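Novice: Protein sequence lines correspond, in order, to chains A and B.
Heads up, the first sequence is in the numbering used here, so the first residue is 37 and it goes up one at a time.
Heads up, the second sequence is in the numbering used here, so the first residue is 2 and it goes up one at a time.
If you're looking for bench data, these hints aren't it; they were derived computationally from the structure.
Please note that a few of the clues may not be correct.
Under 7 angstroms between C-beta atoms, here's a sample of chain B residues computed to sit facing chain A [as the list claims (entries may be wrong)]: (1) ALA87; (2) LEU88; (3) SER94; (4) SER263; (5) TRP815; (6) GLN819; (7) GLU922; (8) ASN943; (9) THR959; (10) ILE961.
Keep in mind it's a predicted model, so treat the numbers as computed, not measured.
Glycine is no exception: its CB is placed at the ideal position from the N, C-alpha and C atoms.
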Amino acid sequence: MSKSFFIDTTICTACRGCQVACKQWHDLPAEKTKNRGTYENPADLSFITYKVVRMREQVIGGKLNWLFFPEQCRHCIEAPCLETAGDPGAIYRDEKTGAIIFTANTKRLNADEIIEACPYNIPRKAPDGTLAKCDMCLDRLENGLVPACVQTCPTGAMNFGDRDEMLALARKRLGEVKKKNPKAMLIDEDTVNVVYLVAYEPDLYCANAMASNIDFNITRQVALKRMLRPLTNITSRLL
Amino acid sequence: MNVTRRKFIQITGASAAGLAVSGLGFDLTPIKSHAQMLKTKYAKETTTICCYCAVGCGAIVHTSKKGDGRVINIEGDPDHVINRGALCSKGSSISQLTENENRLVEPMYRAPYAKEWKKVSWDWALSEIAKRVKKTRDASFKHKNARGQVVNRTNGIASVGSAAIDNEECWIYQALMRSLGLVYVEHQARQCHSSTVAALAESFGRGAMTNHWIDIKNSDCILIMGGNPAENHPISFKYVTEAQRNGAKVISVDPRFTRTSSKADIYAHIRSGTDIALLGGMIKYILDNRLYHKEYVANYTNAGFIVGKDFKFKDGLFSGYDAKNRKYNKKKWAFEMDSKGVPKMDRSLKNSRCVLNLLKKHYSRYNTKLVSKITGTPEADLLKIYKTYAATGGSGKAGTEMYAMGWTQHTVGVQNIRTMAMIQLLLGNMGVAGGGINAMRGESNVQGSTDHCLLWHIWPGYLKTPRASNVSLAAYNKKWTPKSNDPLSANWWQNYPKYSVSLLKSFFGEKATKANDFGYDWLPKVDDGTDYSWLTLFDEMYKGNFKGFFAWGQNPACSGANSNKTRKAMANLDWMVNVNIFDNETGSFWKGPEMNSSTIKTEVFMLPACVSVEKEGSITNSGRWMQWRYQGPKPLGNSLSDGDIIMRLGDKIKEVYKEGGAFPEPIVNLKWDYITNDEYDPHKVAKEINGYFQKDVTIKGKLYKKGTLVPSFGYLQADGSTSSANWLYCNSYTEKGNMAARRGQKDAPNKIGLYPEFSWCWPVNRRIIYNRASVDLKGQPWDKKDWVIRFAGEARNGKYVSKKWIGDVPDGGWYPLQNPDGTKRKDAKHPFIMRKHGHGQIFGPGRADGPFPEHYEPLECPVENNLMNKQRMNPAAHVYTTDADPYATNDPKFPIVGTTYRLTEHWQTGLMTRPQPWLLELQPQMFVEISEELGREKGIKNAERVMVSSIRGSVECTAIVTKRFKPFKIAGKTVHHVGMPWCFGWRWPVSGTEESANLLTPSIGDANTRIPETKAFMVNVTKK
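Kindly produce the complete structure, drawing on both the sequences and the hints.
Specialist: Set out below in structure tokens:
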């Protein structure tokens, strides 16, 4: 049984404890930022920022909302980054948890291709091309702890556990939230291990809340190449 | 072809997986996935309590056992019953606070006119400070005041600080300052919640948050007005969320749509400084619709008391006003007394001069139309709020209020809170689970520092600072011990002499004897009718009336209203001692903007304090829980705990006074033995705070040996046979051990989250104060489900025959007022035991600005006239008059209402958060939030740098043009409103461009406590 996050954005207060707890546990340095006319900062995920709480002011049905969305890797069940890389020494799935893990060997991958492959636009590269993103706090999980962002969450917006339990919790909460917000939904819950509950359309929260349906220009050849690369990579290594 | 990203997953995922598993027949899983070692595996684990706000969250500190012995991880403590492992962005960054290259690690000295700091030794710094203390003190010491009364004080030195230090440190610090004869002893509490203490004590008897954080989950309706807990007390929202998920309604009333508002069921905006108008309208709504809890109101509040005929209200003034002195003669508001000296009461509430009927009359003017014109809150929103909140007046329903500086920091600060206190009494919400008034304290130990009274007007345990007219201990005790002639009134303060004498025994130990009035004369006296509070202190400093100044764990250059005045004032000092973790705008004021160091004489000693996880001791959270913290790593570099610095400084001062000097007795005789193995010992102070038996005493037939700890304040004596440095904390460290260190996880039988075995709370571990009002006259709870206490004594023939309460520790263990058969008992007591008459006070005749709150405009406001009455501003508020105190009301140059606030990501002036890269990353720059409408009007774009100015100063800000601020319609005209955080200052970030919003705020004080009005003032915003 893989593990899943259930992120209930309806009770997130954007205290951003998760954002800092993530840096604290991973010993990640801070970014130099500027106030960009919003509380949201840093502006984007980066090689040293695995999690950003998106904060958007949206008027919905004539009523002002401030929507919060702790953005992070979805740990896809079938992960395009992993498949695109086709290099288990660089990107692998931890079988016990389902965590998609990037190693230092991501340096040998084509970073832009991996980033491009992600439907949620999550991985980020260092100047030397190494890729990084949320690692589900695998070291904590292996030692019986929950991810740092989950432990630090005050309201219960961040939840973590066995996938079926998290899905059950997500569906229960969806039922409750739907009474007030009929457009509430779980995002891509069948394909990812990080399931978000949103009260309104996902694109009101941030650009890549949901796996993008926007066309992006790749040719059939490229698509085919990517589909086949795992095989070629493996074959080349076997030979 | 064009492929969507969504499709792409399907294609790549399916095909690759297919190939991997079935196609090739071998495993694609990584070569190896070994269990990673946890970075904390070989670390020492200690528990601590977060050093930021006063929710009091627990954290675990992991300190490396090898190598440098430094912190490697700090995270939330899952076994802490309040936060259950959670921490906000600030709490999550404590490891970076600790292991921070910006920390002060050596004492520093700035010579007169010098341009730079010089590194010095501890011994040199403390010896030099002691010399200066002695010189200034000896030169300025006064044995008698102008009236010839003995005062034994120095007006030459002032002190501010600190809510950032531990309880034990607070106590020894105030003892040292008072032994020196200082009367200007103030700290953060004056500026944050002094108005709370004055309002809640007048209404209910005690000045603190009435319930506690976990209890918020029991509420049916949470009114959040004057506060923003999702941002400033983030973990409290755990319980707001829990209540809401259980069906509670959350109401957010704020000038600006906040992170709290984003989670509320009802949001309404309000112009800063008009809360009494809005709440007065709610009182009218409750009375008009008879939604008050009749039985509660009639029996537990003074609603039925008859007010004397001298009480009047006309044109915004209560009777007894003296315009020349801006003061009321409060005798005009007295209750009528019967022949025995007990207030006359009409519990049927019919008498036309009973409080309830006067209340009706007073608030009859507060109709929603007028309220809306003043507040700018739409009438429909007002009605929605009134209806929703007033529904908690039903028996078994509980409503609570969460507020902070949005209410306290006004010229009507006390009366803002009084208005809510009155509403809570009307609705029967006091004493019950999920009810009360949750005054949210903002500093980790500001409750404790207030309890230990680092404030000019009170001594530890809320005893009074003696006035010059209190010429002896007997006169002092007589003056401050209230008398009640009502046999049903507990009048708890009748025990006053036991607490004052026990305190003196702690000050002076064996030197305090009956013969010398326990050293009463050694301690400084203040002049009757004179104020020594924060704003006055800096006013005097600005006028050049101090030579020496301690700024201990405080940053007044950014935290005080009208910071330009504060900063200039510090240049008039001869010397200053600044104790802090980081260099800051106060200690380095001579280097600051618009300062020319070559013309500034002030010598500055900057002493490096260690951070909270590097020392041991206790702090008290907002819910009055006293919690013990342990040492993780040792203090970094040459930093020391505040306790060590205070003890060493005290030693040095005692040494220089061995050779004599002005009135050395209090210094030489001060008990100063809180040392073990040459180090400060917090346990020794904690035990002294609890108190000892000073000789073998037999009480209630039991012998207590000399030198043992007093079990609780019920055992304290007025004859010198007990000591207790703070009677409120008597019971916190007993022969059973250190109660504050307890970690018991068991809840009380009522299962409402009291956790009585976790830490300890004052008074006597009572978690919800005034809980005697949570039961009916027969001692049975109004709320059968979430009950706090219930009387479980045996009943025979309709009469109670044995005494037993279960649940929380009852607020006095007497019998209920009635037997099961409805007959009255003579051995019972009214529930509000700390009030002289035992009743919650809807009518509060003890406040300086009136027994009923009335709407007055802030000192600076956007209207020419107060629409509610003929007085524009609070007629009893204190106005300062130096050249640094200009103000501009209804002035076209400053047409915009301004307010200030805190952020989740920074804390107070930001001194403990701005040096941390993780927190600066989240909130890097000073900003002003303005509405889209104002942005359009001024041509200001989002993220543009702008200037915000008041008549007192200006601050450069990044504009956040937001939908979360909306223009107001006030008395028919459009009024814009902006807001700024006050967490910045020029020292950090090092760019030096981000400054404090307090450069803009006025130094004007509330009528009762002189808390500054920093939440409502007038500004302009211009393009840079």
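Novice: In ascending order, which of the hints set out earlier in this document are inconsistent with the structure?
Specialist: 5, 6
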